[in-house]
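**Q** In case you want the letters, here they are:
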Amino acid sequence: MFFWVYDLPTFQFGLLCAGAFTLFYWIGALFFRPILRQFVKSTPFCNDVVGYVLSSFCVFYGLLLGLVAVTAYQNAADSEEAVTREAAALSALYQDVSHYRAPYGQNLRWLLRDYTRYVIKYAWPLQRRGVIPTEGGIRVAAFEEKLLEFEPQTRSEEILHAEALRQFNTFLENRRMRLFAVQAGIPAVMWYVLLVGAFVNMAMVWLFDMKLITHLLLGGLLASYLGTMIFLIAAMDNPFRGEVSVDPDAFESLYRQMVEE
Amino acid sequence: MQTNPLTGIGPTDISPTTRRRFLRRLGAAGLLAGMPGLAAGLFAGCSGELPPLPGQFSKRGPIRVGLLHSQTGSLALNENPVRDAETLAIEEINAAGGLLGRPVEIICPDTKSRTDLYPRRARTMLVDHNVAALFGGWTSDGRKVVLPLLKEFNRLLFYPLAYEGNESHHNVIYGGLLPNQQVLPAIDWLLSPSEGSRTKVFLIGTDLIYSRTANFVARKYLQSRGMQVMGEILVPLGGRDFAPIVAQIRDSGCDCILSTITGDSNLAFYRELAAIGNDPRQRPVVATSIGENSLQSFLPEEVAGHYTARCYFQGLRSPENERWVETFRAEFGYDRVLSDSMEPGYALVHLWANAVRKCGALDADSVRQALADVEFAGPSGILRVDPRTQHCAKRFRIGRVTTNREFEVIHESEQVIPPDPYPQFAFPGWSCDWTKDGLIPGPAVRFEL
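Those protein sequence lines, which keep their order, are chains A and B.
Residue 1 is where the first sequence starts when you use my numbering, and the numbers rise one by one after that.
Residue 1 is where the second sequence starts when you use my numbering, and the numbers rise one by one after that.
It should be emphasised that the hints constitute simulated quantities derived from the structure, not laboratory data.
Note that this is a predicted model, so its numbers are computed, not measured.
Beta carbons: idealized from backbone N, C-alpha and C, even for Gly.
Incorrect hints may have been included.
[What the hints assert, rightly or not] With beta-carbon atoms standing in for the labels, derived distance ranges:
1. A:Gln153 / B:Ala330: 50 to 56 Å
2. A:Glu145 / B:Ala330: 47 to 53 Å
3. A:Glu149 / B:Thr402: 24 to 30 Å
4. A:Glu149 / B:Glu91: 26 to 32 Å
Okay, chain B solo, but in the shape it has when bound (with noise of 0.2 Å):
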C-alpha cells in the first residue's frame, strides 16, 4: 500500500463509509460544534441574576405596581373611574414601550370599601408581589392605615383625592386638593357678592377623618371670616336617612350647605333635599365629593342647580384635556365621563414614570427625589411635586351642575393655589418641609364637633 508522500493518507482511508468511521466522524464534529454552546450555556447559568432582596427589585421581568381600590361595597361607584384612570395611564406607559424597556404590570385588589382590608391587600401587593409603588386609596382612613406599612417597606403611595390636609407622609404623594385649596376658596366664593354673600352655612359630612377634619378646618375659616355655623351633622359611610337630617337642615335658617359626604350616601342625602322642595338658588349644596361620575347616578332635578368645588371639570378647554377625554372614551365606552378624582388618578401615574425615567430606578428615595425635577402636562394642567410638603398646587373652580347632569364651569381661580397642609388658623405650630427638617409638629388639635 502506498501513502501519498503530501497529505500522508493512504489508499485505506479514502475507503467507503462505514457506520463506525461515520459515528466517529459525527462525534468528532458534533463535539466541535457543541463546544461553544455548551460554554455558553455554563457561563449564562453561572451570570444568571440572583433573586432580589427583600426591599430590592428585580432588573428583569415586568415592573409590578398596586392600584389600590374598593371594586365592591359602597365607594365602588367612586373608585372604579379612578382605576380605569390609572389603568388607562399604564397601559399608555406599556404602549410607548414599558419604563426602563419593561413593562409595567397592575395588580389591582379588592378593598371592599372596608378600612381593615386595606392594610391587609397592601401588604399582599408589598411583600407577594413586591410592587414598586401604590396608586389610589379613597377615604383617608384607608389611606392612614397603610402609611405604617408604606414606612416599613419604604414605597411611595401616590394618592390622587382631594383630602382633608393635616398629613404629611414621607411616603405619600398627595395629587388632590387640599382644604386650602378646595373647601377655603369654596367658602370665600360663597361670601362674595356675586353669590349673593352668604353667611349662614350648615356642614355635613361622612362620619370619616376627611369630613371631620374638613369641616374643623371649614369652622374655624368662617368663624375666622364672620360667618355662622348654622350646624353640623356627620352620617355614617353608607348612610341613606336623610330625612331627619335634611329636616334639621331645614330648620336650622342656613343659607347654604358645604358637604363633604362621600360615596353612594350623596344619592340618597339630595333626594331627600329634592323632595322637601330645597330651591338650589335659595339654599345651594356646595359638594366637594361630586364628581361627573357619580353625577350619573342622579336625577337630573335632584342634583341640578348645586354646586361642585374641585380642580377638574370634563369640559375643560385644553389640548391635553381634550386628547385625554378622547382617548378614555375611545378605550372604556363613549358613554363615559371623567372627573375630579380621575384626573390626578391618571396624572400621578404619568408622573411617577416620569420620575423612573429620570432617575432611572424604582425605590421610594431615588423616586421622591427625581419627582422634584418632573412635571407632567396634565388635563387640568401641569402637574408638578411641591417637595416641601409632597403635594401639589392646584388651580380652585367651581362648577354648577346642569339639567342635563354636566357641570358648568363659573368660576375658575386666577393662579395655581400652593398647597398648605397646615393652615395655621386650624392647625397653629404645624408645619412640614422635607427638603429640611421634614414635619414639626404643633399642639395636638382636637376636632370635637
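With the rest of the complex left out, here is chain A (with noise of 0.2 Å):
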C-alpha cells in the first residue's frame, strides 16, 4: 500500500517521514491537546504523573524500535549475503564449464551470461518493484538441460562435470534464497504495533501543561526524530525496494568479465 514510497530519493524519503510525523504531532496538539488535557488536568502534578508514565513506555518502546531496526537491518543483509553468494556460484560456475570440451562449453557459457544479463536488465527492476521474477527460472531450466546433456568421457571430465553439479546446486540455493528475499520484509502486524507505540508517545507529549509554541517546538522535534527512526526503518525493510536496497554490483561485475574474456 505504501510501497510507493521506495520510489522517492532517500533524502525526500527520510524529509518525508519526519516532516509527516511532526505535521501530525502539530496537528494534535492544536486539535487533540485541548479535549486529552481534560483528562489529566485536574491530576495535581500532571506533568510529573506523565513524565513517569513517559518515561516507562519509551523503555518498552525503545526496545521494540531497536529489534525492529535490527531485524530489518538483518532482512537487508541476508539478503545482500544471498546475491553475493548467488554471484560467487555463477562465477564458479562458469569457469567450471568453461573447461568442457566443445561445443558444450562453450554452449553453457552463452546460457550462463544469458542468466547473468537477464537477473541485471530484467529481474532486477522487477525486484525493486516487489514482483519475484519468473523468465530466470527457464534460464535456469535451458541451462540445466544442457548441463545434463553432457557425457563425460575422461576421468578429468567426470570430476569436472560432478563439481559444475555440485556448484550448480549451491547456485539453485542461492538463487532460491534472493527470490525469497524480494517480497521479505518487517510484518504488517509489526509495524501496526511500531506506529500505534509513535502515536501513545506523542499522545503522552501532548497531556504536557506546556505552552502552545513549547508544545510545537520540543513535541515537534521528539515527532520528527520518531519519524526519522521510522524511516531508517522502513528504508530497510523491503531489502530490494528503493535507493537503500540491495543492488546487482555484484552480478554487473561478473558479467563485464564474462563479456569482454
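Got two chains here, separate frames each, mind docking them using the hints?
**A** Structure follows, in C-alpha cells:
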C-alpha cells in the first residue's frame, strides 16, 4: 500500500517521514491536546505523572524500535549475502563449464551469461517493484538441460562434471534465497504495533501542560526524530526496494568479465 | 474602546494570539490553500483513463510485445539467439526514448520446443498481457497453430525465419526467405558449371511442415530443371540416429545433398556424415538451417567445406552490419556470433517500431497499412514489406564453412529476389494480393514423398 515511498529518493523519503510525523504532532497539539488535557488537568503534578508514564513507555517502545531496526537490517544483510553468494556460485560454475570440451563449454557459458544479463537488466527492476521475476527460471532450466546432456568421457571430465553439478546446486540454493528475499519484510502486524507506539508516544507528550509554542517546538523535535527512526526501519525493510537496497553490483561485475573475456 | 475609522479594527483585534484565534486563522488559511488542490484532485479522479476494452490498447504505461520462442528443448540452441536479437532491438528502441513516448516491455515465455505450447503461450500473452504484437516463432508447425489466435485477436506476428512458403496470412509479416529466394537459387547454383553442374540431389529434412513443403517445392523444381531426386528422407524433430540414413545417402549415388534439417539433429547428421568419410568436394551439403550460431556447436572437421544458403552472413561488409555486430557483441559477449535468423528478428522489430511511429497507433490494421510506407536499413540491406504478399524481398547468398567455423560468402544474387509464396510450378492457381482480393486458393496440393 505504501510501497510508492520507495520510489522517492532517500533524502525525500526521510524528509517525508520526519515531516509527516511533525505535522501530525502539530495537528494533534492544536486539535486533540485540549480534549486529552481534560483527563489530566485536575490531577495534581500532572506533568510529573505524565513524565513517569512516558519514561516507562519509552523503555518498551525503545526496545521494540531497536529490535525491529535490527531485524530490518538483518533482512537486508541476509539478502545482500544471498545475492553475493549467488553471484559467486555463478562465477565458479562459469569457470567450471568453461573447461568442458567443445561445443558444450561454449554453449553452457552463453547460457550462464544469458542468465546473468537477465538478472541485471530485467529481474532487478522487477525485484525493485516487489515482483518475483519468473523468466530467470526458464534460463536456469535451459542451462540445466544442456548441463545434463554432457556425458563425461574421461576421468578428468567426470571430476569436472561432478564439481559443476555441485556448484550448480549451490547456485540454485542461493538463487532461491534471493527470490524468497524479494518479498521479505517486517510483518504488517509489527508495523501496526510500531505505529501505534509512535502515536501513543506523541499523545503522551500532548498531555504535558506547556505553552503552545513550547509544545510545537519540543514535541515537533521529538516527532521528527520518531519519524526519522521509522524512516530508517522502512528504508532497510524490503531489501530490494528503494535507494537503500541490495543492488546488482556483484552480477554486473561478473557480467562485464564474462562479456569482455 | 475605540475603533480605527480607516480599518474598522478595534483594539481587541490586535490582542496577542490565543490558541482559539490561531486555530481559526489556520483553518481559514488551510481551507483557502487546500481548495485548488482539492478541486484538482476531484477533477483528476473524474478524468482518469478508463481501462481499455478487449482488443484495445491502453494509452499509458509500457507497450507490451510478446516474443514467442523456445528457450529450452531441442530448438533452444537456434531460438535463443533470435530472442537476443529481438531483445537488443527493443532495448535500442527504449534507449532512444521508447515508442510514442512509452517504453516497450518484453513478455517472453518458453514454448519448450513443443508445438502444443505455442498457442497456449500466445494466448497468455494476448489475453493476460494484451501484447501489441508478437515476434518470433521457429517451426512452421508452431507458426501455423497460432494463426487462428492472431485472427481472433487481430494482432500481427512478425516471423523472422526462412520458411516453406505456401502461406500468406493477413496477420503475419514474414521476414525470412521463401523457397524461391533460398532453395530454388541454391538448386540453380548447384546446377551451374562453376559448381560442377551437379544433377543428382538427395533431399533430407525434419519431419515438419517446413521440410515437407520445401522439399516438395524443391522436387518439383528439380524435375522442371531435369535434375534427379536420388532420395528423400524426413527425420523426427530432435532425431539423432543418422547412421542408417547416411548409409542410404552414400548408396544412393547422389552428388549433393539439400538439407532442410532443423534443430540439434544437424549435429548428429554432420557427425555421421564425417564418420563415413564423406568429402564435401565430392558430395557437399547445402543446408538451409545452419547459421553461424549452430555452427559453433560443430567440430570444424565435421562441417568445413559444406555450404549454407542464406541471406545474411556475419561477415557482410556494410556499415549497418558492422555497427550491429559490434553493438550485439558488446552487449552479449565478444565470442557471440550473428546468424541469418537473428538478422530478420532484429530488423523486423525496428520495422514494426517505424510503422508504429508512422501511424501513431498499435492496432494491427493501422500498423499493417503503415508498413507499406516504411523501411529499415538492416544489417543485410534495406528491409521493406511487400504489401501484396506481406513478405520481404531478399538477396540470396551462399556461404562455405571454413575450418574455423565461419562462413565465406562465395556467391550472391545480383538483385534482391521478390517474394513468391506460391510458385506456380508447385502451387498452380494459388495467389495472394492483400492490396486487392487477398488470398485466392487454387486446387489442393498433396506433399507426398
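**Q** All hints, please: hold or fail.
**A** Checked hints:
For the hinted restraint 50 to 56 Å between glutamine 153 (chain A) and alanine 330 (chain B), the CB-CB distance of approximately 36 Å leaves it violated. One distance hint, 47 to 53 Å for the beta-carbon pair glutamate 145 (chain A) and alanine 330 (chain B), is violated here, with the actual separation near 28 Å. Separation of glutamate 149 (chain A) from threonine 402 (chain B) is about 27 Å and conforms to the stated range, judged on CB atoms against 24 to 30 Å. Hint check: glutamate 149 (chain A) to glutamate 91 (chain B), Cβ distance near 30 Å, so the stated range 26 to 32 Å holds.
When the structure is compared with the earlier hints, violations turn up for hints 1 and 2 and for no others.
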